Each structure stands twice: as structure tokens, then as C-alpha cells.
Amino acid sequence: MTTGPAVDSRFNGAGVMGMFGFPAAVSRAQVGPLAKPLGIALLALATLAAGGCTTAPTSNFKAFAQLGRKLETAVGAVVDQAADLNVDADSKSLVLGRKPTSAARRADLEAHDTEIIKAEQIYADLKKQNVLLSDYFTALDALASFDGESAIGSSTSDLVTSLQALSPKLATAKIGNAEVPDVAGAATPLIVSGIKSRRLATELRRNGPIISAQLDLQSKLLSMLADDISSDQEMLAQSDLLERVYGPYADAKELPVSWVADRRQILRQQATVAAPAAEAADLSRKLKLSFVALSEGRVDASELASDAADLDRLISLIELIAKRPSGGK
Amino acid sequence: MADPQSVKDDAYEALKATRRRLTSASFLYDLKSASDEDKQQALEAITNASLTIDKFRNAHLEAIAAQMKDNDKGIEGATVKLKKALDDLDKVKPLLDAATAFLKIIARVVALV
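From first to last, the protein sequence lines are chains X and R.
Read in order, the letters of the first sequence are residues 13 to 341 in the working numbering.
Read in order, the letters of the second sequence are residues 23 to 135 in the working numbering.
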């Protein structure tokens, strides 16, 4: 948009009026003190009208931006899950391999702590990247959700009405076959929407490579985290299985009443715990493809809707795992 | 000759597989009846494998975090531009309202002349 400060510097009464079918003879000198406000109104209309040439639906940008925001929420939860399991699996290995002497135990603990602290810093860095992408999608959503079109239409109509009272020439001016006051109020929401689409498309084209590269890296990261989560969870589950399933089943005279439920919970949890990370990796890849399609103006709204449904399922899955008695561990 | 990255990846996978075997419920169950020496060796192997896995994992994640960090400024800049585009749209209505208010003053002055 260039209707802000650029309006004054680009003001040229006759030229702008010419764009709306005014006779070139209606110049700044003739409109006298009205020249500046008249110019603002007409230049605002001219700029809005120029933006109206682009007709890409902003609903796709909005749907995409909201997908991005949801995905980043899910990614944050997956990073947290990976970080938690990383510490727990490491702790479990220390418990299993506890050395016989105090000095050896302390040495082990220090060595493991060093790596875990380093890992925590890396996870924190990864979450910062996640927040940056989330901020980007939030800004994209805010722009795509801009809903001031009707208010701008109403203000434009008021301005033109005020101008009519002062300038009889404007009262009879036409854009094509329509009179300026009619066009100004009714068309502005549509025109502003066009500007919005154009700005969104321009920004996506400009930022495409970097956002696309970041989504690629995020997808790679999520695949790695899915593997790590699966590996850590398996180790924790095996230890649980030994204590609550194998041991009692092989050695105890009578099985605990919870044995069946314990076994089911451990085995099923092992199967599903890495699913959110794997799904998030897949959705991150899909989001990247949608991003490329959107920036090239060929996004499919039904695909975005399908991805949104997958994301809702993913978030439900993450919530379900987080609510389990062991918190997904 | 294999490239260093794939050697690292293979080593990491082998370590995870080793830890998986050493920490499986059946292996740990059998270990109960093993000699003290075997038991001690196996338990040491578990902590050592875990520590090495921690190191490999950190190296992997650090590399990807560094690549993502390289894009920080570009993403921040893109966000700022989107916010600026929204600010520009937000400015349109006040601008038009200000011009309308100005014209109403002019109309009153003109009526007096």
C-alpha cells in the first residue's frame, strides 16, 4: 500500500483526476483549496483500484497461515516431548548401569549431565526457531485476516460526499459509467481485498526461498526427533516391561491385579509415542509444498482443509499422550 | 569410500541398536542370572552406549539448529514486512477520515464567505 506518506509526495491533482476520467483541464488551480483533500481521495481510490487487479482469494492465505501457526504449536510440543524423553532415557541408563563405587557413579553422572545440559541448550535454540516461524505465520494470518475493508469503504464514501458538497465537478464525475460516490463506497471492500491479496502474494514470493528452506530443515529435524523419541521411549518401555510385566509373569506366584492393564498400557504407548513427531514431520513437508503452491498462486483450498484436519488430529494426539499417567514417558 | 556423514549416521544407528539390545526386557531379565563379571560389563556398556548416543544426538541436533539459525534474520525480516503491510492498510481509514474532517471545516468556512 502506498496511501500513507506516499500520498502527499505523489500528489498530482490533474494526473490522478485524469485516471478517473476527469477532464485534464480540471487542475489544481481550478479546485483551489480543495486540491489536497481531493487528491488524497482520488489517489486513495486510484491506488486501491490498481490493487483490485489481483483477485487471488485471501481465504487461502488465511487458511495457510493458520495451518502454519497450528503446526508450530505442534512442533513446540514435539520438541518438548523429545527433550523430556532424552533426559528420562539417559537417567534410566544411569539407573540400570549404576557402578559399584561412589567415585565411579559421580564420574558417570557428571559426564552424562554435561551432555544433557548441552542438549537442553540445543532444544531451547530449536524452540527459538520454532517461535520465529510461528511469529511469521501469525503476521501472515493478521494480514490475511485484515477486516477493515468495509470501514475503509465507509470512510471513502464519507470523504467523497464531503467533496461533493464543495466541488460540483466531483459530484458528476464518473469512473467508467458509474458515478464516483457510488463506486467509492461500494467497490472499496473488494478493492482493498485485492490489495491485500497482492501484498500477500508479493511477500510470499519475496520470502519464499527462506521460509521454504526453514520448513525443509524443520521437517528434517522432526524426522530426527521422531527417531529419537521412538528410541528413548523403547528403552523406557523395556525397563517398565521388565519390572511390571516380565518379572512378575516369570517369577511371581500370583500376578498383580494390574498386570493385564500394565502390559496393555506399556505396549500400546510404545507404539504411539513417536507418532506425533512423525506426523508433524509429514505435515511440515506438506506445509512447505502448500507454501510453494501458494506463492505461485496455485494452491488448492481442499488440500489446505485436509491438512488442517490432519493437524487437528495431530494436536489431539499430542494432548492425549501428554495426558497419559506417565506423560508419554 | 563412504562420506563422513554417512559413517556417522551408521555409527549412530549401530549405537542405538546396541542400546536397544542391552536394555531389552528379555536381555535384562536374563542378566539377573549372569555372573557378576558379565553383569558388570553389560551394565557399563549400557551407560557408555547411552553417553555416546547423547554425544551423537547433540552433534546432529546442533548442526540442524545452526542451519536454522542462519535463516533467523531472513525470517525476522519477512515478519517485519508482513506487519508493515498490515500497518499500511490500517493507515488508510484514519487518512480518509482526517481528509473528511478537514473538508467539513473547509465547507463551514466556505459557507461563511
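The hints are simulated quantities; they were obtained by calculation from the structure and are not laboratory data.
Here the structure is a predicted model, which is why all the values come from computation and not from measurement.
Where is the CB? At the ideal position from N, CA and C, for every residue including glycine.
A hint or two may mislead.
Okay, derived cross-link-like pairs now, BS3-like style, lysine-lysine, Cα gap no bigger than 27 Å in a straight line [stated by the list, open to error]:
1) Lys139/X with Lys115/R
2) Lys140/X with Lys61/R
3) Lys105/R with Lys95/R
Chain X is nowhere near these chain R residues, computed Cβ spacing over 10 Å in every case [what the hints assert, rightly or not]:
4) Ser28
5) Ser57
6) Gly96
Chain X residues, not near chain R, derived (Cβ > 12 Å throughout) [claimed, not checked]:
7) Glu127
8) Asp244
9) Ser251
10) Glu255
11) Val272
12) Ala290
13) Lys298
14) Ser314
15) Ser318
16) Ile327
Status of the hints after comparison with the structure:
| no. | hint | result |
| --- | --- | --- |
| 1 | Lys139/X with Lys115/R | violated (38 Å) |
| 2 | Lys140/X with Lys61/R | violated (43 Å) |
| 3 | Lys105/R with Lys95/R | holds (15 Å) |
| 4 | Ser28 | holds (15 Å) |
| 5 | Ser57 | holds (15 Å) |
| 6 | Gly96 | violated (4 Å) |
| 7 | Glu127 | violated (4 Å) |
| 8 | Asp244 | violated (9 Å) |
| 9 | Ser251 | violated (7 Å) |
| 10 | Glu255 | violated (9 Å) |
| 11 | Val272 | holds (17 Å) |
| 12 | Ala290 | holds (16 Å) |
| 13 | Lys298 | holds (19 Å) |
| 14 | Ser314 | holds (25 Å) |
| 15 | Ser318 | holds (25 Å) |
| 16 | Ile327 | holds (22 Å) |
Checked against the numbered hints given earlier, this structure breaks hints 1, 2, 6, 7, 8, 9, 10; the rest are met.
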